[in-house]
Amino acid sequence: MEVEVFALLKDYFDKKFIVPARLSDIESLKQHLLDLNPAAEQVLSSCRFAVEDEFVDHNYQLKENDYICIIPPSSGG
Amino acid sequence: MEVEVFALLKDYFDKKFIVPARLSDIESLKQHLLDLNPAAEQVLSSCRFAVEDEFVDHNYQLKENDYICIIPPSSGG
Amino acid sequence: MTTSVSSLPAVEVSTYISDQPLDLVGLLAGAHHPLAGAVVLFSGDVRDNNLGKQVAYLEYEARATMAAKMIAEILDEAKRKWNLNIAVAQHRVGKVAVGESAVVVITATPHRREAYEANRYIIDRIKHEVPIWKCEFFTDGTKKWGGNCNCHELTGDPHKHIYEVEKETNQ
Amino acid sequence: MTTSVSSLPAVEVSTYISDQPLDLVGLLAGAHHPLAGAVVLFSGDVRDNNLGKQVAYLEYEARATMAAKMIAEILDEAKRKWNLNIAVAQHRVGKVAVGESAVVVITATPHRREAYEANRYIIDRIKHEVPIWKCEFFTDGTKKWGGNCNCHELTGDPHKHIYEVEKETNQ
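Chains as they are written, first to last, in this note's numbering: chain A, 1 to 77; chain B, 1 to 77; chain C, 1 to 171; chain D, 1 to 171.
Isolated chain A, as found in the complex (with noise of 0.2 Å):
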């Protein structure tokens, strides 16, 4: 499973990388971002998912390949 950032969230973590494949769904893949930089709780908060471009919830159950984007709240215009 991969995972791309956007917006500040680059500033507490790299652009893309992988996440381990146990973990089963948003909500642990979230705690797996918070391990790895507690500092970011508060922006990551604020933040939806995505997995193949469409939005899912907190239980979306994991897939070997997808690809998950972190999306911060819109500022376009």
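These are computed hints drawn from the structure, not numbers from a lab. Where a beta carbon is used, it is the ideal one built from N, C-alpha and C, also for glycine. Any given hint might turn out to be false.
Lysine-lysine pairs mimicking DSS-like chemistry, simulated, CA-CA at most 25 Å apart [as the list claims (entries may be wrong)]:
no.	chain 1	residue 1	chain 2	residue 2
1	B	K15	B	K30
2	D	K95	A	K15
3	A	K15	A	K63
4	A	K16	D	K144
5	D	K143	A	K15
6	B	K16	C	K143
7	A	K15	D	K144
8	B	K15	C	K143
9	C	K95	C	K144
10	D	K95	A	K16
11	B	K15	B	K63
12	B	K15	C	K144
13	C	K53	C	K95
14	B	K30	B	K16
15	A	K30	A	K16
16	B	K30	B	K10
17	B	K63	B	K16
18	D	K95	A	K10
19	A	K10	D	K144
20	C	K143	B	K10
21	D	K143	A	K16
22	A	K16	A	K63
23	D	K143	A	K10
24	A	K10	D	K53
25	C	K95	B	K15
26	C	K95	B	K16
27	C	K95	C	K143
28	B	K16	C	K144
29	C	K144	B	K10
30	A	K30	A	K63
31	A	K30	A	K10
32	C	K95	B	K10
33	B	K10	C	K53
Just so you have them, the derived chain B footprint on chain C, three or more residues with Cβ under 8 Å [claimed, not checked]:
no.	segment
34	64–76
35	124–138
Here the structure of chain A is known, so what remains is to put chains B, C and D in place on it, guided by the hints.
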């Protein structure tokens, strides 16, 4: 005093014409126009009058060299 | 022909009333302002049909000197009311082909809400108040002068235009 | 990179997301429609200041594939809701200079009220929902990522954007 008419008023009057100096106010001018063409009554009732490019009301006192525009309801855009 | 006894400031008529095709592109290019993050452009285009009949072309007549002064005044009022950085409006006169623009309004301001509101306010007032008249020429050879607005049917008040009522409701 | 398992239709990303200067003039020229009497264009320009500091330039990042699909979906929804003849939107990514347009929305419809309303609906949703992020680079060398919208401060509801409340009030 000269009068200029616009839009559908041109179906009732010449585009521009001279009116007698004896007409004292807009009300008497309006009566003069109805004498010229009684069929214009309904159309004229929705028009406003402007002298020197400023709207005037019905008791405006006409002066010798006034240039009077008769303004039907707007339909620009 | 008319002497200038008007209380309104003197204006360049061609800035507001034009017998040439409106240069939307040029006007838009000139309407970007370093302080204004929101630019709204409205173009009133000639449609190819009205009242179920095919439109061949339109012809607009104006009392140009008066119309120009009134448009200038409307723009000034909108600029003050919404703190606009830019407010531009130009209306075509003469023959206008289907698909061409008959009127353009551009507003620019730091925030978009004001740019939209002011833009709509300006076009509504131009359409309802400024001495400009539309004559539609149909492909069947008939023509029709644009009549009174039918606002009174919608507002229930012969002296109230629809945008005056909308404004009251929105605020 | 991403396989196409999305429920949204496939779209050409470059139609909605562009790393080149937005061609407002070309998009506007293409947005005249014989049935549509009202064309509204919105351009979101980069301002030269924010938070009291001088802006050097902006940089926009997007999850482009996702953003393009979402913009296409928003346009489709607006087209159906307001019966638009034309609905176009394009957002810039990468470095954008002061005065340049970062986003453009064009709507065309027979009557102007719908053109304005739909246009504003589209830009509001793009700004609030589509995965595009602004980073401001100031002349003093600092930078700032665009944060959450502050709608909740205005609406009093953490899940309500300002345009949702305005819509309810107006209707």
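Verification of the hints:
Note on K15 (chain B) and K30 (chain B): the hinted pairing holds, with a Cα-Cα distance of about 16 Å set against a maximum of 25 Å. Using a Cα cut-off of 25 Å, the hinted pair K95 (chain D) and K15 (chain A) holds, with the two alpha carbons roughly 18 Å apart. Restraint check for K15 (chain A) and K63 (chain A): the C-alpha separation of about 21 Å stays at or below 25 Å, so the hint holds. Restraint check: the Cα-Cα separation between K16 (chain A) and K144 (chain D) comes to about 21 Å, which is no more than 25 Å; the hinted pair holds.
Straight-line distance between C-alpha atoms of K143 (chain D) and K15 (chain A) comes to about 18 Å, which keeps the hinted pair within the 25 Å bound. With a C-alpha separation of about 22 Å, the suggested pairing of K16 (chain B) with K143 (chain C) holds against the 25 Å cut-off. Straight-line distance between C-alpha atoms of K15 (chain A) and K144 (chain D) comes to about 18 Å, which keeps the hinted pair within the 25 Å bound. Restraint check for K15 (chain B) and K143 (chain C): the C-alpha separation of about 18 Å stays at or below 25 Å, so the hint holds.
Restraint check for K95 (chain C) and K144 (chain C): satisfied, since their Cα atoms lie roughly 14 Å apart, inside the 25 Å limit. Note on K95 (chain D) and K16 (chain A): the hinted pairing holds, with a Cα-Cα distance of about 21 Å set against a maximum of 25 Å. Of the pairs offered as hints, the one joining K15 (chain B) and K63 (chain B) holds, with about 21 Å between alpha carbons and a cut-off of 25 Å not exceeded. Using a Cα cut-off of 25 Å, the hinted pair K15 (chain B) and K144 (chain C) holds, with the two alpha carbons roughly 18 Å apart.
Distance check on the hinted pair: K53 (chain C) and K95 (chain C) sit about 18 Å apart at the alpha-carbon level, within 25 Å; holds. The suggested pairing of K30 (chain B) with K16 (chain B) holds, with an alpha-carbon distance near 15 Å, which does not exceed 25 Å. Taking the CA atoms of K30 (chain A) and K16 (chain A), the gap is near 15 Å; set against the 25 Å cutoff, the hint holds. Proximity of K30 (chain B) to K10 (chain B) is assessed by CA-CA distance (about 16 Å); at most 25 Å being required, the pair is judged to hold.
Distance restraint check for K63 (chain B) and K16 (chain B): the Cα-Cα separation of roughly 18 Å lies within the 25 Å cut-off, and the hinted pair is therefore satisfied. For the given pair, K95 (chain D) sits about 17 Å from K10 (chain A) by alpha-carbon distance, which is consistent with the 25 Å threshold. Pair hint K10 (chain A) plus K144 (chain D) holds up; C-alpha atoms about 13 Å apart against a cutoff of 25 Å. Simply put, K143 (chain C) and K10 (chain B) have alpha-carbon atoms about 14 Å apart, close enough for the 25 Å limit, and the pair holds.
Proximity of K143 (chain D) to K16 (chain A) is assessed by CA-CA distance (about 22 Å); at most 25 Å being required, the pair is judged to hold. Taking the CA atoms of K16 (chain A) and K63 (chain A), the gap is about 18 Å. The hint holds against a cut of 25 Å. Taken as a hint, the K143 (chain D) and K10 (chain A) pair is honoured in the structure, with Cα atoms around 14 Å apart against an allowance of 25 Å. Between the alpha carbons of K10 (chain A) and K53 (chain D) the distance comes to roughly 24 Å, so the proposed pair stays at or under 25 Å and holds.
Taken as a hint, the K95 (chain C) and K15 (chain B) pair is honoured in the structure, with Cα atoms around 18 Å apart against an allowance of 25 Å. Simply put, K95 (chain C) and K16 (chain B) have alpha-carbon atoms about 21 Å apart, close enough for the 25 Å limit, and the pair holds. Among the hinted pairs, K95 (chain C) with K143 (chain C) is consistent with the structure: their alpha-carbon atoms are about 13 Å apart, no more than 25 Å. For the suggested pair K16 (chain B) and K144 (chain C), the alpha carbons sit about 21 Å apart, so the restraint of at most 25 Å is met.
Between K144 (chain C) and K10 (chain B), the direct Cα distance comes to roughly 13 Å. Compliance with the 25 Å bound is thereby established for this hinted pair. For the proposed pair K30 (chain A) and K63 (chain A), the alpha carbon gap of about 15 Å is at most 25 Å, so the pair holds. Distance check on the hinted pair: K30 (chain A) and K10 (chain A) sit about 16 Å apart at the alpha-carbon level, within 25 Å; holds. Of the pairs offered as hints, the one joining K95 (chain C) and K10 (chain B) holds, with about 17 Å between alpha carbons and a cut-off of 25 Å not exceeded.
Between K10 (chain B) and K53 (chain C) the CA atoms are separated by roughly 24 Å; this keeps the pair inside 25 Å, and the hint holds. Check on the segment 64–76 of chain C: 4 of its residues sit with their Cβ under 8 Å from a Cβ of chain B, so the three-residue criterion for coverage holds. Figure legend: the segment 124–138 of chain C, annotated as covered by chain B; annotation consistent (10 residues with Cβ-Cβ distances under 8 Å, at least 3 required).
Going down the numbered hints, you'll see the structure goes against none, and every one checks out.
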